[in-house]
Each structure stands twice: as C-alpha cells, then as structure tokens.
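Trainee: Sequence:
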Amino acid sequence: MRQSKLISKKHKEKPAEATLASHIFLLRGGYMRPIANGIYSLLPPGKRIQQKIEAIIREEMNKVDGQEVMMPVVMPRELWDESGRWDSVGSELLRFKDRTGHDMLLGMTHEEACTALARTEATSYRDYPFMLYQIQTKYRDEARSRGGLIRVREFTMKDAYSFHTSEADLDAYYDRVAQAYHTIYRRIGIPEVVAIQSDTGMMGGKIAHEYQLVTDSGEDKIVMCDKCKSYWNSEVANTTYSYEKEELLPLEEVATPNTKTIEDLTKFLNIPATKMAKIVFYTTEKGQTVAVMIRGDLEVNEIKFAKVVKCLFNFATDAEIVKIGGVPGFATGMNLTCPVYVDKSVANAYNLVCGANKEGTHYKNFNVLRDLPKAEIVDIATVVEGDICPKCGAKLHLTRGIEVGNIFKLGTKYTESMHMTYTAEDGTEKTPIMGCYGIGVGRSLASVIEAHHDEYGPIWPLSIAPWQVQINAMGLDKDDIKKTAEKLYDELQKAGVEVLYDDRNLSAGVQFAEADLTGLPLRLIVAPKALAQGMIEYKVRATGERGMSPVDEAVQFTQKWIKKEMKKYL
RNA sequence: CGGAGGGUGGCUCAGCCUGGUAGAGCACUACGUUCGGGACGUAGGGGUCGUGGGUUCAAAUCCCAUCCCUCCGACCA
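Numbering follows numbering that gives the first Met the number 0, with no gaps: position 446 of the first sequence is 445.
Hints listed in this document are in silico derivations from the structure and should not be mistaken for laboratory results.
Note that the structure is predicted; figures quoted are calculated from it, not measured.
Even glycine gets a Cβ: it sits at the ideal position worked out from N, Cα and C.
The reader is advised that the hints may include incorrect statements.
[Claimed, not checked] Estimated spans, in silico, between C-beta atoms of each pair:
no., residue 1, residue 2, range
1, Arg-369, Glu-81, 47 to 57 Å
2, Ser-3, Gln-555, 22 to 32 Å
3, Glu-77, Ser-3, 50 to 60 Å
4, Thr-260, His-418, 49 to 59 Å
5, Val-509, Glu-58, 36 to 46 Å
6, Gly-495, Asn-36, 37 to 47 Å
7, Glu-16, Phe-95, 47 to 57 Å
Let the sequences and hints guide you as you build the complete structure.
Mentor: Dropping the structure here:
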C-alpha cells in the first residue's frame, strides 16, 4: 500500500473525548472514526487488523471442530419469546417494529437463533457433539458506551455454541475451548489474558469463565491471588475468615448515644469495625424486607446477595425497618420478624458489638452461634484487599480487567425452553446440553493496544499488524533514493510481504511520527548516508533495535525477520 | 437513571462574564525555501457558533426548551 493513497488521516492532537490509550491511538492513528455514541466505522488499517484477528479466531475454532455459520442480525420477537428473553432482558436489547408493526429485535447474542438452527438439523445422537460459530455484528443498546472500542453498542463478536449429549462431554469440550482461547490470545499478541471465574449473568447456566486482560484501565473488578495464580471476578470472589478463639462472654448492653454509623461507634467505643456486626436491610421487589448481618468493616456484594434472594432489591426505608421490628441505626439480627441472613464474616467471630434494637444502645459480646442460632449463614461480602485466598491462604489483591471473552456452561436453559431434542441410542427423546463461547473482536483489538503501546503509538504484534513492514525514504526528490525505495516496495510485494510504503516526500519527523502511530513491526529506511554504502537501515518497533542490511539482501533479510518473529504467534 | 463538564471550519481550542462585522494553531490547496523525529514563508479555500423559541435596534454571547457528546457512578453475556 502506498501511503499517499491510504485513506487514514493521522492526527497530531489527542481527541478531546478519549482517555484510554487504545481509544486515543485508534482515533489519532486513523484506525476508526465515530459515527454515533458507541458506534464506529473502521478505516482500512483498523479493518485489516480486525480481519487478521478474525482469521486467527476462525482457525482456532475450526481446530476444535467448530463449523462456521451465518445467523441473522434482525430477529422476530417470537424467537425470543421461546426462551423468554424478549421479556427478561432489559433495555439493552434494541426492540423495534417493522413496517407491518411486527415486533423485531437486533441480535445482541445468538443462543435463540443458533438453537433454532440446530434443532432442525441435529435430530439424532449420531449428530452429536457439534459446535456452530459465527463472527458477526451484534448490537447492544448500552446505557453507557465508553472507552472507544472497549465498550460499544455495535460490535463484532465471535459467538460459538456447542451441543452435547452428556455433562461429561460438555465438560471435556469446555476445557478444549478454554485451551483454544489461550492459544487465540497468545496468537493475537495478548498472552497476558487470564481466565477468571465469573458470574453467569443473564445468560443463565452454571459455570462460567471470563478472559480478562488485567489492566488498571479495565472496568471489571478482579480479585487475584499472586501466589496460586487464581483469579475471580469480584462478583463471585470469596475469602475465608478465621478468628482467634475467645471465651463467650455474656451479652451486655452499653449506652451508645448518637452512634448511628459504624464510624461513630468505633470512635465512641474505641473498638475496631472488624469487631462489630452491622445490619443492612433490603426490601425485595416482592415487597419483603430482609436483614443482612455482616462485619462492620465489610460491604454487602449485591450481586452475590442477589443470588441468595434470587430477585431484585433495594435498600429498605426506615419505615420498612420499623415494620419488621427493627430500630434504624441500632438494629440487631435478634427479635426481628423478617428473615435474617448472616454473612460468614461474622458467623464464627467472637464477642462482637452489635445493635441492641433499642435507641442509643448496643450490645457487647454478641455471638452468632449462641445468640442467633437459626439464621442462615451466607457468603455475600465483597472481598477486600488483603483478604485470604480460599485456595492457598495467601493474601488476595484487587485489580481491574477488560473482559475480552467468556465461556459458559449453559446447560439446558435454551434447549429445554425451545424444545430442542434428539433421539438417543435407546430410541428415547432427549434434551441436549449447551455451552457457549464468546470473544469480542473489537475489544480484543483495543486490548492489544492497552497491553502494547508506548507514548508514540500502538506496537502491533506481527500476527495482526495491518501491514508487516513500513518503508520510509529520506529525500524522495533524489533519484537514487526514490528508485531504491520504489524497487524495494515492488520486490517486497512480489515476495508476498505486506508492506506500507510512505511515498510522500515529507520530512523525516512527520514520516516517523506517523509510522509510530501505524505501529508496524519492522521499519525499513532508505536514506542517503547508508545508501551511499549500499545499505538500508531497519528499526524494530517493539524493541527499538536498529541495524543495517545490504540493499541487495533487503528482501531476504525482511523475509527472514518475519519468519523468525512470526514463530511467536504460531 | 443520578452527579459533573462540554457542544464555535475536518481536529485541538480561544471568544461568552461585560451583546456591536466569527478568531488562533493543526489539517487542506498553490508556489517557494527546507528535509534523520510532527519545519518555515507567502497566498488561498472552508464555519446555519448543536437545534428550536424568546429578549433586544443588534445574540456565539442574555433567557427558556430540547438534542447530542465526555467523565464519574448505577446498570450491563
């Protein structure tokens, strides 16, 4: 490609709306342009990168026996009524009416479409197992798209669905896909991506992992253990609490005027929040008020709690607390007329301070097992920095990540609701078990920049770089320079090398600055001094390594370099 | 959906408080001088000042409404 003809303008200045490195460079480097909030067009360099990522994903999906299909973007309401998701999914599903007034939707994921497709095709156990996948545009009406390609409304996604006749078969296949995912992320140049245990969310299902690029600029909260290399999404993370045994002392009332908050109380009694049990009240969407008892310094993780009560909820009002026999600010888990959940952070703790359910009064020496023996013990606390790893006992720490993919064991949620069956060996009708596996293509692209850039621009891995080699020439108005550069461009192309040739007669500064924004792995420079000795220069983008090669051997040198570098991504 | 900040040539922004003929830099066009890390000169082209209404002799500027964008939070396979 000649740069003079490339439609991809570079910008010197940082766009006002961008804060993430990937967002800044994708705009500055002429990879994409916004059309609307969270909706982008890709320019040629961006499209080329995306195609290469897709090609790698496709190869790896095929290696795990995936069969690529095409599924519609627009679907009728009836299909999503079958699974119940027309009603259960919120406003992120874009619904609209066609010209006849029929309810339609834009696909945000394709479980329904794929199940509908598969149920008419796979009718015998002999067809199983199989996996179908697509790499296509999807749409989610995000409440808040942000961060360039990190969180968008319209995006390209690889979505795969596998169908099995036994749990064991799904388990084995799930592990194969998990391996394929690691291969994919390594090949596209982000081996840093880790698999973490996650919530299953609106997809349903039991086990799920997210593939996260750990980075401060991510939006997901991750809990990690450096020692045993375990990772959890904070939505599912847990820890173990252990307390030194103490003699159970008798309950004792203490006057604690004007101490409605834990902070007040710690100051008033000079006792740390870790020795307190606080009560949080929620009222569920069904109108029931429930109490949660948790250690004074901890917070309820509402996603974990939602799994306990299995519905939506809000903080209870003071009136609702009074109604179930609580005294706001001084409540305890005892003597309430509502269900009481006790977080495990206080279940085995000794002699805690808690409310006495009496204005201006607390108890000392509260012990759950003695004083609240009937309460349900649950795990709903948000894990905090320094908590103990439940696997190895080391200290956990909190970090952030970008979710670039995920895998789910879906079970029979869709096959059952959509009446997909097959005839088993014994002649009976059975319901297949599903897994599903997604990768955000654009998000992966942006994540490569987040993981690999410097102050000047992206540093593309050779496997997905828009072109493999950049040619810059110093002084194209001089015949020998121009002739050499043109010849090099020509020969490299004939040798099958993907090359971007800056054929504009611009100053070195401009050319190099733009080349850094393009971020190609290898740069060849045709310049007077070296050329006088029959040499051209090269520079490796990632390492800054520089050197020379005889002009006559430049093509072989480049091919050899590419071959060697490419080994990292096979 | 809550909080904050914005919308002025393709991009980054000034002008608004205190109303009076729309500005700068970058980018673009032409010519010339430059040419190893975002050069310079000269001459150009390009803007319904987000949109609608109002106040006024006069509105980018003041008032009302509305749309859009960004950041933080809520939400989110």
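Trainee: So which hints don't hold here, by number, going up?
Mentor: 7
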